[in-house]
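Colleague: Sequence:
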Amino acid sequence: MRRTLISLAALATFIFAQSPHLPRGAATDVTNSDIQTTLAKTPGAAVSDQAIRVVSINDEYNVGVGVVHRAKTEGPARAGAIEHSQITEIYHVMEGNATLVTGGTIQNPRESPPDSQVVKVLNGPSTGGTVVEGGASRKIGPGDVVIIPPNTPHWFSEITSPQIVYLVVRVDPHKILPAGYGAK
1 MRRTLISLAA LATFIFAQSP HLPRGAATDV TNSDIQTTLA KTPGAAVSDQ
51 AIRVVSINDE YNVGVGVVHR AKTEGPARAG AIEHSQITEI YHVMEGNATL
101 VTGGTIQNPR ESPPDSQVVK VLNGPSTGGT VVEGGASRKI GPGDVVIIPP
151 NTPHWFSEIT SPQIVYLVVR VDPHKILPAG YGAK
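This note's numbering applies: residue 1 is where the sequence shown begins, and numbers increase by one.
FYI, nobody ran anything at the bench for these hints, they're computed from the structure. Heads up, a few of these hints could be off.
To be verified - If you anchor each label on the Cβ, the simulated ranges turn out as follows:
#, residue 1, residue 2, range
1, ALA45, ASP115, 14 to 22 Å
2, THR88, GLN117, 13 to 21 Å
3, LYS41, PRO178, 14 to 22 Å
4, PRO142, LYS41, 19 to 27 Å
5, PRO178, THR42, 15 to 23 Å
6, GLU95, ASP29, 19 to 27 Å
7, LYS120, ASP59, 17 to 25 Å
8, GLN107, THR31, 37 to 45 Å
9, ASN108, ASP29, 38 to 46 Å
10, VAL146, THR31, 17 to 25 Å
11, GLU60, PRO142, 27 to 35 Å
Said to hold, decoys possible - In silico DSSO-like pairs for lysine-lysine, Cα to Cα no more than 27 Å straight-line:
#, residue 1, residue 2
12, LYS120, LYS175
13, LYS120, LYS41
14, LYS72, LYS41
15, LYS72, LYS139
Backbone N, C-alpha and C define an ideal beta-carbon position, used for all residues, glycine too.
Turn these sequences into a full structure, and let the hints steer you where they fit.
Modeller: Rendered as structure tokens:
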């Protein structure tokens with residue numbers, strides 16, 4: 001009897017190991033044309049952060065793809081520090097050079113309004129402020145990738161080229177971002 005149970009368990013393991021992986025969802029494309037069209041919508045803005053698409057992954061989590069450009073500016077027009085409480089951001093620099101500061105403490109923190117585009121479409125609940133103090137500073141440029149976990153303050157302390165342009169992938173395990181946004 002024991003030998004039969006062991007044989008059945010081995011057979012079941014073999015059968016399940018041989019079953020093919022079934023597709024769990026469809027791939028989503030974000031083309032260079034999508035990115036360039038989105039960038040062209042706000043060419044003169046000092047800062048532009050635009051969602052291109054938000055996709056639900058098997059009803060488990062959402063992934064957003066957007067594009068950001070920040071012009072070299074001085075003084076109050078320059079974008080401030082921010083952190084997002086539930087979203088991981090992944091930056092892939094496409095053009096330009098800047099100094100990015102992550103970690104540390106946001107100075108003059110204030111919650112983003114719940115009805116703002118930052119919260120509803122781009123990043124979920126967030127806290128903004130003027131600058132980041134005490135963080136890790138690094139120079140970034142074309143081809144560089146930076147992964148910024150939730151609750152990590154970040155800020156461009158300096159943009160050394162006329163602008164920096166980066167693709168941003170937002171991993172949303174709590175499904176805060178609007179799935180289907182930008183869908184074709």
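Colleague: Could you tell me which of the hints above the structure violates, numbers in ascending order?
Modeller: none
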